[in-house]
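Let's have the full structure, built from the sequences with the hints guiding it.
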Amino acid sequence: MLRAALPLLGLPLAGAAAAEEPTQEPGSPGEPLPGLVLFRWQWHEVEAPYLVALWILVASLAKIVFHLSRKVTSVVPESCLLILLGLVLGGIVLAVAKKAEYQLEPGTFFLFLLPPIVLDSGYFMPSRLLFDNLGAILTYAVVGTLWNAFTTGAALWGLQQAGLVAPRVQAGLLDFLLFGSLISAVDPVAVLAVFEEVHVNETLFIIVFGESLLNDAVTVVLYKVCNSFVAMGSANVRATDYLKGVASLFVVSLGGAAVGLVFAFLLALTTRFTKRVRIIEPLLVFLLAYAAYLTAEMASLSAILAVTMCGLGCKKYVEANISHKSRTTVKYTMKTLASCAETVIFMLLGISAVDSSKWAWDSGLVLGTLFFILFFRALGVVLQTWVLNQFRLVPLDKIDQVVMSYGGLRGAVAFALVILLDKTKVPAKDYFVATTIVVVFFTVIVQGLTIKPLVKWLKVKRSEHHKPTLNQELHEHTFDHILAAVEDVVGHHGYHYWRDRWEQFDKKYLSQLLMRRSAYRIKDQIWDVYYRLNIRDAISFVDQGGHVLSATGLTLPSMPSRNSVAETSVTNLLRESGSGACLDLQVIDTVRSGRDREDAVMHHLLCGGLYKPRRRYKASCSRHFILDDAQERQDKEVFQQNMKRRLESFKSTKHNICFAKSKPRPRKAGCKKKNGVANTAATNGKSPGDLGFRDTAAVILTVESEEDEEESDSSETEKDDEGIIFVARATSEVLQEGKVSGSLEVCPSPRIIPPSPTCAEKELPWKSGQGDLVVYVSSETTKIVPVDMQMGWNQSISSLESLASPSCTQAPTVTRLPPRPLAAEEPQAPLELRPSFAFPPSLAKAGRSRSESSADLPRPQELQPLMQHEDQSHLSPGTASSHWCIQFNRGGRL
Amino acid sequence: MGSGGSRAAQVPDAERIRRETGFSQATLLRLYHRFRALDSNKKGYLSRMDLQQIGALAVNPLGDRIIDSFFPDGSLRVEFPDFARVLAHFRPVDDEDTGTRDPMQPEPLNSRMNKLRFAFQLYDLDGDGKISRHEMLQVLRLMVGVQVTEEQLESITDRTVQEADEDGDGAVSFLEFTKSLEKMNIEQKMSIRILK
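Just so you know, the sequences run in chain order A and B. So in the numbering used here, spot 100 of the first sequence is number 100, and the numbers just go up one at a time. So in the numbering used here, spot 19 of the second sequence is number 19, and the numbers just go up one at a time.
There's no promise every hint is true.
Stretch-level coverage of chain A by chain B, calculated; a stretch enters the list once three of its residues show a Cβ under 8 angstroms from a Cβ in chain B [what the hints assert, rightly or not]:
| hint | region |
| --- | --- |
| 1 | 133-144 |
| 2 | 243-257 |
| 3 | 494-507 |
| 4 | 525-535 |
Rather than coming from a laboratory, the hints here were simulated on the basis of the structure. Backbone N, C-alpha and C define an ideal beta-carbon position, used for all residues, glycine too.
Okay, here's the thing in structure tokens:
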């Protein structure tokens, strides 16, 4: 790539660079320098990487341009466009430099451009599908490729004997076989580029694509064997050489696969121990996969096979071991590299075609080759399919065969191989190059353009994308086991039997060895689907602006939700499993559970904006690297919020609205700030482990109830002034802590003043049981709600509205609801003593109005709190003060 | 696998069984040999023990249930016709089956519905036509393995039941079961090639 790119873009600038040459000996003492040089042109120092970067940039920009128009890309495959672009660029260079110096260099191609594509396809290969069809794929890859190579080579030789190829093409049978071997292999890059846009059904895709990947071994062997035979001269080839050739097929393919598997094993094993250095996980994946490729290449084994097997083999364990972020990084980097390489390959293919000096055209050869590769491919597919269908459960029908024959695209591999030929040994190289270019262009452009209409016209079964459901996953597993059992009963040890055995082996030994304990625990496929479904729900929930009652409701319209068990909350589950994705959605299922309410409050508070709870998929991800930053930021936040609180408390004392302990607070807040976070964490270090987070810190939120301000004269105020300790954790241990902290022996934590209404309040009314939600119910909200849920939604809205209506009388005091820190706090928000901590007035108003309306609300009985049992059972009313102690986790380092 | 005799004539009632199950002559013979091989002391039927001794079946999480399905209604022995009938569920679906079937005849054993019914009764232990939450939990416990805690298992169960449960009775009926598998190619997934 590096050297390859040089000549092209270097040309216009070469002159400039050369002109600068004399002045560019920096600091050479002998020469009298004309003083400090302000501006120095150092083109040649950056030239190579600069050109590569430019090059990729051009390709990427071209891609963007192509995709500006949906019409074009829906008809023309991207690969075609890129080839055409390459042709244009090549033409420009040719016009500028008067000679085309550039072509796709085989070394660059094989060492840098091909590996990412193969790794990508191997890593993301649907392995189940691959192994289900492995027999067919291997047949096509091995037998098919051999068949194509020999028939095409022989037929071309026959064509020459018949005098249809011009006599100036000096080639014997061996030369033609060599040419046949390189031109016959279906190319993974081309197939992937075209078939990804066609969307045929999975089976068809995996057969064509799997073939293109796995035939590499055959291609390599054939090419090498033929090449050495040509070099030796046909007269010197002995029978043992043929045998060696056959043997090398096994060595190269099995050796390549073995190298891949060894590296896959190493990779999986390495990622098991990266717990503390998460940041290098993606790098490891790429490094070891690349090492597999290079090792195989070094031992002249099939490198493509090696990387494919490496990706295929390691994926399960690597995905389980590495952190979520690393997984995303690996995925995106892989895709980026692959698509980048693919883009460059096709563009370079186009450019290389311009170089006519390497061409030697012979119509007979070109047309003959085109005809033969199409004809023999089709014939080979039909014959093999006929045989395979005798053994296949689901036979491949005629339409499949047509697509398979037609999808046999040739690409850059063939081109690179033909360029690699030695002209002194293969005199007809130029003719072969021209023919290969034509074949590649024909297959990529003509077949690539027409395959989509063809697929449509033939009504090939398309791939249908449906969401995975737990039922399907479960039943699929059941079916696998049933089939394995039936095979046992029948006494035939077939595919299902061996797959079952393999899975048991994997479960017993491999996974134990290669997965870290924590990953292994949650690495069950059914659990995985469950987890992913929840994540998806969460994402769609967030995507919809959080207005829908519950995203679960979308998939499960008829949830018999309310009677489910308390323990089923996802939140709880995730706690246990240690992955803290914020999935409050299912709380709807478990409204009555105390733990969920407590969760709701926690969520409420977190959303309310203490510190933006960073999404933590893995608690310890990249901690080393973001620690300082985050802590700084948090300290700052702590400071600001402390300041806010101070101001408020100042204000409230001024207004003689008393809260207990309002005075000491500022001081303590300050101390808290200084002493930093460790203090808090240390104090409450023993907070219950079932929170699921490693480092938990108890933070006591001091929250004044709205009665402090608004109902200070009412009878219950006395008690209310004393306040309530709200304890988020239901366990008595926490209660102890809560009491202790309630008496403020522990330094109070920063005051939380939510910048905006928490989304929990907006969308999860049942969680907090607050009536004031109505304020936020927009008309759009109801529209997004799916039909089946609208009734319930409307009901809830109307009930809330009725609750909020002014006709309602004052709230029963007994049922006062704990989880309302937000509403409780906001009355104080509007105090803007200093502009720097000013609240947006609208927010402040909103807060006030909300608190006002909520003050009037009779709390719906069923939504009664949290507090009821916890409070009354564990807390004596006397100890209640006006502080809501909420213990929650504030992330690792707080 | 045929440790017993290997003449076709030995299969008793071959024609009737073939008509019922749709097995080819060769498959039937093969099954019969297997049947004889499993029959440990040539008693002419299989007992539960005979099936339990199949090594791999013991480690199969559903092994017991599969064995149970050979012994409907608490019977203690399975004769060859019943043996063949159970296995006929896994015969691949041919073109002839779908094309030229006599509508008067009962649905062949390997139809989609019957395949599903077979799977369904593996879940439905008490045979009330519904997979209750408890039954689902049991299956999941078998399938999921030890890594997942009981609590997680429960929630998976809940979600699974909720997902399929359409009438809201907290259990999955056969109809709901088939619906949840609508998109799956059952004919393909529940067939074994050699059982032609």
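The hints, checked one at a time:
1. Coverage of a stretch by a chain is defined here by at least three residues with a beta carbon nearer than 8 angstroms to that chain's beta carbons; for the region 133-144 of chain A and chain B the count is 0, and the condition is violated.
2. Coverage of a stretch by a chain is defined here by at least three residues with a beta carbon nearer than 8 angstroms to that chain's beta carbons; for the region 243-257 of chain A and chain B the count is 0, and the condition is violated.
3. Counting residues of the region 494-507 of chain A whose C-beta sits closer than 8 angstroms to any C-beta of chain B gives 7, which meets the bar of three, so the coverage hint holds.
4. Only when three residues or more bring their CB closer than 8 angstroms to a CB of chain B does the claim for the region 525-535 of chain A stand; here the count is 4, and the claim holds.
Hints 1, 2 from the earlier list are contradicted by this structure; the remaining hints agree with it.
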